[in-house]
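**Student:** Letter by letter, the chains look like this.
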Amino acid sequence: MNLQPSTWPLAAVLISLLGTVPILLSERRPNLRETWTVLISLGKFAIIASMLPAVLEGGGYRFTLAEVLPGVAIALRVDAMGMYFALVASFLWILTSIYSIGYMRALDEHDQTRYYASFAVAMSATIGVAFSANLLTLYLFYEMLSLSTYPLVTHKQDAEARSAGRKYLTYLLGTSVALTLPAMILIYVLTGTLDFSVGGILAGKADASTVSILLVLLVFGFAKAAVMPLHGWLPAAMVAPTPVSSFLHGVAVVKVGVFSILRMVFFIFGTGLLADLNLGAVLTALASVTILGASLVALTQDNLKRRLAYSTISQLSYMILGAGMLTTAGMAGGLLHLSMHAFGKITLFLCAGAIYIAAHKSNISEMDGLGRRMPVTYAAFFMASLSIIGMPPMGGFLSKWSLVVGAIDGGQLLLVAVVLVSSLLSAAYFFPIVYRGFFARAAGENGPEEIREAPILCLIPLSVTALFCLGLFLWPSLALQLIQMVVSP
Amino acid sequence: MSPTNLHMYALATPLIGAFAVMVLGRYSRRAVAPIVLGVLSFSFAAALTVFLQVLSGGGFRYVVGNWLAPYGIELSVDHLGSLMQVLVSGVALTASVSALKSVANDLQDRQHLFFTLYLILIAGLHGLVLTADAFNVYVLLEIASITAYGLIALGRGRAIVSSFNYVIMGSTGACFYLLGIGYLYILTGTLNMADLARIIPTLQSGPALATAFSFCIVGLWIKMAFFPLHVWLPNAYSDMPDGAAVLVAPLMTKVTIYLMIRFMFSIFSPAYEFIQHAGVQQIVVGMAALGIVCASAMALGQKNLRRMLTYLIIAEVGYMVGGVWLANTQGLTGAILHIVNDALMTLCLFLAVSAIASRAGALDFESLRGLFRRMPVTMAALVVAALSMIGVPPTCGFFSKWYLLLGGIQAGQWLYVGALIFSSLVNAVLFFRVIEIAYFRTPDEGAHGSGHEAVPIREAPAAMLQPLVAAAAALVVVGLATGPLVQHVIRFALPGGF
Numbered sequence: 001m002n003l004q005p006s007t008w009p010l011a012a013v014l015i016s017l018l019g020t021v022p023i024l025l026s027e028r029r030p031n032l033r034e035t036w037t038v039l040i041s042l043g044k045f046a047i048i049a050s051m052l053p054a055v056l057e058g059g060g061y062r063f064t065l066a067e068v069l070p071g072v073a074i075a076l077r078v079d080a081m082g083m084y085f086a087l088v089a090s091f092l093w094i095l096t097s098i099y100s101i102g103y104m105r106a107l108d109e110h111d112q113t114r115y116y117a118s119f120a121v122a123m124s125a126t127i128g129v130a131f132s133a134n135l136l137t138l139y140l141f142y143e144m145l146s147l148s149t150y151p152l153v154t155h156k157q158d159a160e161a162r163s164a165g166r167k168y169l170t171y172l173l174g175t176s177v178a179l180t181l182p183a184m185i186l187i188y189v190l191t192g193t194l195d196f197s198v199g200g201i202l203a204g205k206a207d208a209s210t211v212s213i214l215l216v217l218l219v220f221g222f223a224k225a226a227v228m229p230l231h232g233w234l235p236a237a238m239v240a241p242t243p244v245s246s247f248l249h250g251v252a253v254v255k256v257g258v259f260s261i262l263r264m265v266f267f268i269f270g271t272g273l274l275a276d277l278n279l280g281a282v283l284t285a286l287a288s289v290t291i292l293g294a295s296l297v298a299l300t301q302d303n304l305k306r307r308l309a310y311s312t313i314s315q316l317s318y319m320i321l322g323a324g325m326l327t328t329a330g331m332a333g334g335l336l337h338l339s340m341h342a343f344g345k346i347t348l349f350l351c352a353g354a355i356y357i358a359a360h361k362s363n364i365s366e367m368d369g370l371g372r373r374m375p376v377t378y379a380a381f382f383m384a385s386l387s388i389i390g391m392p393p394m395g396g397f398l399s400k401w402s403l404v405v406g407a408i409d410g411g412q413l414l415l416v417a418v419v420l421v422s423s424l425l426s427a428a429y430f431f432p433i434v435y436r437g438f439f440a441r442a443a444g445e446n447g448p449e450e451i452r453e454a455p456i457l458c459l460i461p462l463s464v465t466a467l468f469c470l471g472l473f474l475w476p477s478l479a480l481q482l483i484q485m486v487v488s489p
Numbered sequence: 001m002s003p004t005n006l007h008m009y010a011l012a013t014p015l016i017g018a019f020a021v022m023v024l025g026r027y028s029r030r031a032v033a034p035i036v037l038g039v040l041s042f043s044f045a046a047a048l049t050v051f052l053q054v055l056s057g058g059g060f061r062y063v064v065g066n067w068l069a070p071y072g073i074e075l076s077v078d079h080l081g082s083l084m085q086v087l088v089s090g091v092a093l094t095a096s097v098s099a100l101k102s103v104a105n106d107l108q109d110r111q112h113l114f115f116t117l118y119l120i121l122i123a124g125l126h127g128l129v130l131t132a133d134a135f136n137v138y139v140l141l142e143i144a145s146i147t148a149y150g151l152i153a154l155g156r157g158r159a160i161v162s163s164f165n166y167v168i169m170g171s172t173g174a175c176f177y178l179l180g181i182g183y184l185y186i187l188t189g190t191l192n193m194a195d196l197a198r199i200i201p202t203l204q205s206g207p208a209l210a211t212a213f214s215f216c217i218v219g220l221w222i223k224m225a226f227f228p229l230h231v232w233l234p235n236a237y238s239d240m241p242d243g244a245a246v247l248v249a250p251l252m253t254k255v256t257i258y259l260m261i262r263f264m265f266s267i268f269s270p271a272y273e274f275i276q277h278a279g280v281q282q283i284v285v286g287m288a289a290l291g292i293v294c295a296s297a298m299a300l301g302q303k304n305l306r307r308m309l310t311y312l313i314i315a316e317v318g319y320m321v322g323g324v325w326l327a328n329t330q331g332l333t334g335a336i337l338h339i340v341n342d343a344l345m346t347l348c349l350f351l352a353v354s355a356i357a358s359r360a361g362a363l364d365f366e367s368l369r370g371l372f373r374r375m376p377v378t379m380a381a382l383v384v385a386a387l388s389m390i391g392v393p394p395t396c397g398f399f400s401k402w403y404l405l406l407g408g409i410q411a412g413q414w415l416y417v418g419a420l421i422f423s424s425l426v427n428a429v430l431f432f433r434v435i436e437i438a439y440f441r442t443p444d445e446g447a448h449g450s451g452h453e454a455v456p457i458r459e460a461p462a463a464m465l466q467p468l469v470a471a472a473a474a475l476v477v478v479g480l481a482t483g484p485l486v487q488h489v490i491r492f493a494l495p496g497g498f
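Chains as they are written, first to last, in my numbering: chain A, 1 to 489; chain B, 1 to 498.
By construction, these hints were calculated from the structure, which means they are not laboratory data.
Being a predicted model, the structure only gives us computed values, none of them experimental.
A few of these clues could be false.
Said to hold, decoys possible - Distance condition first, Cα-Cα at most 25 angstroms in a straight line; then the derived DMTMM-like pairs of lysine to aspartate or glutamate:
1) A/Lys156 / A/Asp195
2) A/Lys167 / B/Asp78
3) A/Lys156 / A/Glu27
4) B/Lys303 / B/Glu366
5) B/Lys303 / A/Glu160
6) A/Lys156 / B/Glu436
7) A/Lys167 / B/Glu436
8) A/Lys156 / B/Glu142
9) B/Lys303 / A/Asp158
10) A/Lys167 / A/Asp302
11) A/Lys361 / A/Glu160
As the list claims (entries may be wrong) - Negatives, chain B to chain A, calculated, CB over 10 angstroms:
12) Ala31
13) Gln108
14) Ala208
15) Phe215
16) Val218
17) Asn235
18) His277
19) Ser424
20) Ala481
21) Thr482
22) Gly483
Said to hold, decoys possible - Covered by chain B, according to a simulated footprint, are these stretches of chain A (three or more residues, beta-carbon under 8 angstroms):
23) 65–73
24) 146–159
25) 177–183
We treat Cβ as the ideally placed atom computed from N, Cα and C, and that holds for glycine.
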């Protein structure tokens, strides 16, 4: 791969980090502050998109900040996999920013400056993870993301937020220090490098048992991927304001976890090594348990955001499942699900937030009849749930299809069953919400009468993302092209 | 002033400044600050110049007053020594900016006495990092310790008792060291480090030599508060005036660890410690691991920020002693790197403590409530230091921990590796507990709604804030500069024979 030195990757990471300065300085002028947020998010997307043509031609960019350890630098690189994730994340950040303005103002939230500043730092960390050139840099940005999202998760600053924040950091920081860091040092001892390179760096350097230990350490060490049993922080973190849940817990944070694990599978272990040692089974087993377990739990949740959280836990493991199949179609399906789920889940969360603003309801059992009052929101919710379930004509169908093909290619019929059963389960926990919204009669008739749609700044983003769920089914070629470059270099 | 004896001026100016402060400060309180800052700035600039010279031209030995070794006083200005001199003078300068402010509040008309001791202590530390004579180590160590006893006694509450405890323990340590030196002198007839290093391998390794070695090492361990010889430290460090803590806490234990490295590798040799007495090496690393775990656990039990930090200092001493005794390149690199990093981290933490104390008064966890709103800059710096203590990149704490872990894995010391990771996790718990209290609870703890109303920002005075921000920035800058630091400085400090 031909990577040319450039400062653009650094600019892509830093723009939102430095953007916190004008955001903090314009604390007393909310309109100016929100203008900065939107401008920075647009700028970030523009910088990232400007690097796309080079990546599509098989090239890319790299940037080295400082060589801090022998053979290991703090360095960035833009390749197909990083570009794929960065595009999704930075595009969705624009919409979330707009939505945040509508949401935070409608609810007249406190400490909005801190909120926007933390959001910008978290976004820098997310793109930093996407563009990391080695495990050390990835670890750096991964930790930065955990810490910068803490003020967002605990935004309410009440007792519930505090215990959620405690759980959040215990899981994320605890696992990364106790599991990822030792794994990283072991890899360094074994190979003398931490660079991501196509085909992995561990082949021939470590015996089977060491590789299996490393794999388990890293899958659980990146606890942002919420593989059971390290998923408890995610439902707890739903106490955050909805834009935070939608973006960070639907897209950035959890996807960073999955992205990191996939980076390890493709660029540290190498799919060849995992196939030789038959370790894909470890990944698929852990993922299958999580997919089914979390879907079953989601069925029992009455709080909408918690139900979505468990759905997220289950869907995240699809991506790990795909990687664990170690077949081209399976891996492509896993990667594709990353963006499909991102668009679907962010729509669902944005809808949950819109319902909360408009009706101040967060439990599904209280949402009878709301769909007739909020048709746009509920239509978007319906489209996104179709995508998550994996039904045509929605993007989620493509990724699930690819996963099923991958499972069949690998002769793993049990995994086909896992995907299908779990799709049924997700239909079972999504459709009742839509059904109740449109057809059930509300108990107290006076309730829904006063309820109207959420502010326009909230409606636009959720409509756009919902349309993208459809659009990605019709025109998935850009995503597929980038994914092809990852799975068959 | 010729460039070759600039390091002497770096050492001598604080000493001369001490007398100037004593005399002039008696007449005018306003004379103290210019003298202290002037002297320390000069000293820092000189140390930095010497360091750059050593980087380009290599280290050199220097004979004080042209009295030739082994009878005269010899100084060794090598990579490690001049790095330490930069560290000592840099930390001293940064700390003094804050100390001038806090001492003016704490000890109104005794400022000049405080700064006399303060400057003599700094001169002593300068001497310790440069000396190439085992007996001068004793003399200078006592100069540094005795001034520290005095500074501690100026503190609050039971400071006198704490200081007295420290006097007893510190003097015991000094006695051990002096006895050990006595044995060495009897065996070799010299006290010059280079001479000792030449003669010791020719001696038969018998109980006398082992006694000399162990007495000296135990003496140094008491002075650096290596577990379980640490009991004097928490009281002494938490009772002393904040102006003294910002200097003593970062430097005293770290310089003593540097002395241990000097003693082990410039007088004795790796062959003596690690090959002839391999069993001892195992025990010491085990003790270090135990010390890290116990000190971290005791830190968990504290309800006061300042006391919590004192236990962390003890845990960090375990890091470094363990790293040195791992007996491999990575471990020693990590230990030396951690001397620098831990000095900066401790500096940053104690500067933050000092800033908080100037506004909140007490440092019990209860009085930290709502501090993020009132002192956002101070708390941001505290968070950076906390991240470094936990070991989050790119702060410097991560990189020394990396080398220490690497060394531990290479040496197969799994107990030590486990202790390091345990301590990182405990640090995370400790600091996020503090951060949580400062972030969530408002001072009046009213109803939920009232918590979000604007609380006026009431930061520490600029003189305390500036050094704090500088120290926090240094944590990141030094972290990013780890590569060159190891490559161009620490590599030269590693003895042959590993």
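**Student:** Each hint needs a verdict: does it hold in this structure or not?
**Tutor:** Quick rundown of the hints versus the structure:
Between A/Lys156 and A/Asp195 the alpha-carbon distance is near 40 angstroms, which puts this suggested pair outside the 25 angstroms criterion. With a C-alpha separation of about 49 angstroms, the suggested pair A/Lys167 and B/Asp78 falls outside the 25 angstroms cut-off, and the hint is violated. Between A/Lys156 and A/Glu27 the CA atoms are separated by roughly 19 angstroms; this keeps the pair inside 25 angstroms, and the hint holds. Proximity of B/Lys303 to B/Glu366 is assessed by CA-CA distance (about 8 angstroms); at most 25 angstroms being required, the pair is judged to hold.
Taking the CA atoms of B/Lys303 and A/Glu160, the gap is near 23 angstroms; set against the 25 angstroms cutoff, the hint holds. Between the alpha carbons of A/Lys156 and B/Glu436 the distance comes to roughly 13 angstroms, so the proposed pair stays at or under 25 angstroms and holds. About 12 angstroms separates the Cα atoms of A/Lys167 and B/Glu436, which keeps this hinted pair within 25 angstroms; it holds. A distance of roughly 54 angstroms separates the Cα atoms of A/Lys156 and B/Glu142; the hinted pair therefore is violated under the 25 angstroms criterion.
Taking the CA atoms of B/Lys303 and A/Asp158, the gap is near 22 angstroms; set against the 25 angstroms cutoff, the hint holds. Only pairs whose Cα atoms come within 25 angstroms are accepted, and A/Lys167 paired with A/Asp302 is accepted, the gap being roughly 21 angstroms. Distance check on the hinted pair: A/Lys361 and A/Glu160 sit about 18 angstroms apart at the alpha-carbon level, within 25 angstroms; holds. Once the 10 angstroms rule is applied to beta carbons, B/Ala31 is consistent with being away from chain A; the minimum gap is 40 angstroms.
A cut-off of 10 angstroms between C-beta atoms confirms that B/Gln108 is not in contact with chain A; the least separation is 38 angstroms. Every C-beta of chain A lies more than 10 angstroms from that of B/Ala208, the closest at about 41 angstroms, which supports listing it as non-interface. No beta-carbon of chain A is positioned within 10 angstroms of the beta-carbon of B/Phe215; the least distance is around 37 angstroms. The beta carbon of B/Val218 sits about 32 angstroms from the closest Cβ of chain A, which is more than 10 angstroms, so the claim that it is off the interface holds.
Every CB of chain A lies more than 10 angstroms from the CB of B/Asn235, the least distance being 31 angstroms, so the non-interface label holds. Against the 10 angstroms criterion, B/His277 stays outside the reach of chain A, whose nearest CB is about 27 angstroms from its own CB. Non-interface call for B/Ser424 relative to chain A: violated, since the shortest CB-CB distance, roughly 5 angstroms, does not exceed 10 angstroms. Not every C-beta of chain A lies more than 10 angstroms from that of B/Ala481, the closest at about 7 angstroms, which undercuts listing it as non-interface.
With a least CB separation of 5 angstroms from chain A, B/Thr482 falls inside the 10 angstroms interface cut-off, contrary to its annotation. At the 10 angstroms boundary, the C-beta of B/Gly483 falls inside the reach of chain A, the nearest C-beta of that chain being 4 angstroms off. Closer than 8 angstroms: that is the beta-carbon criterion, and the stretch 65–73 of chain A has 7 residues meeting it against chain B, so the requirement of 3 holds. Counting residues of the stretch 146–159 of chain A whose CB lies closer than 8 angstroms to any CB of chain B gives 5, which reaches the minimum of 3, so the coverage claim holds.
With 4 residues bearing a CB less than 8 angstroms from a CB of chain B, the stretch 177–183 of chain A meets the requirement of three and the coverage assertion stands.
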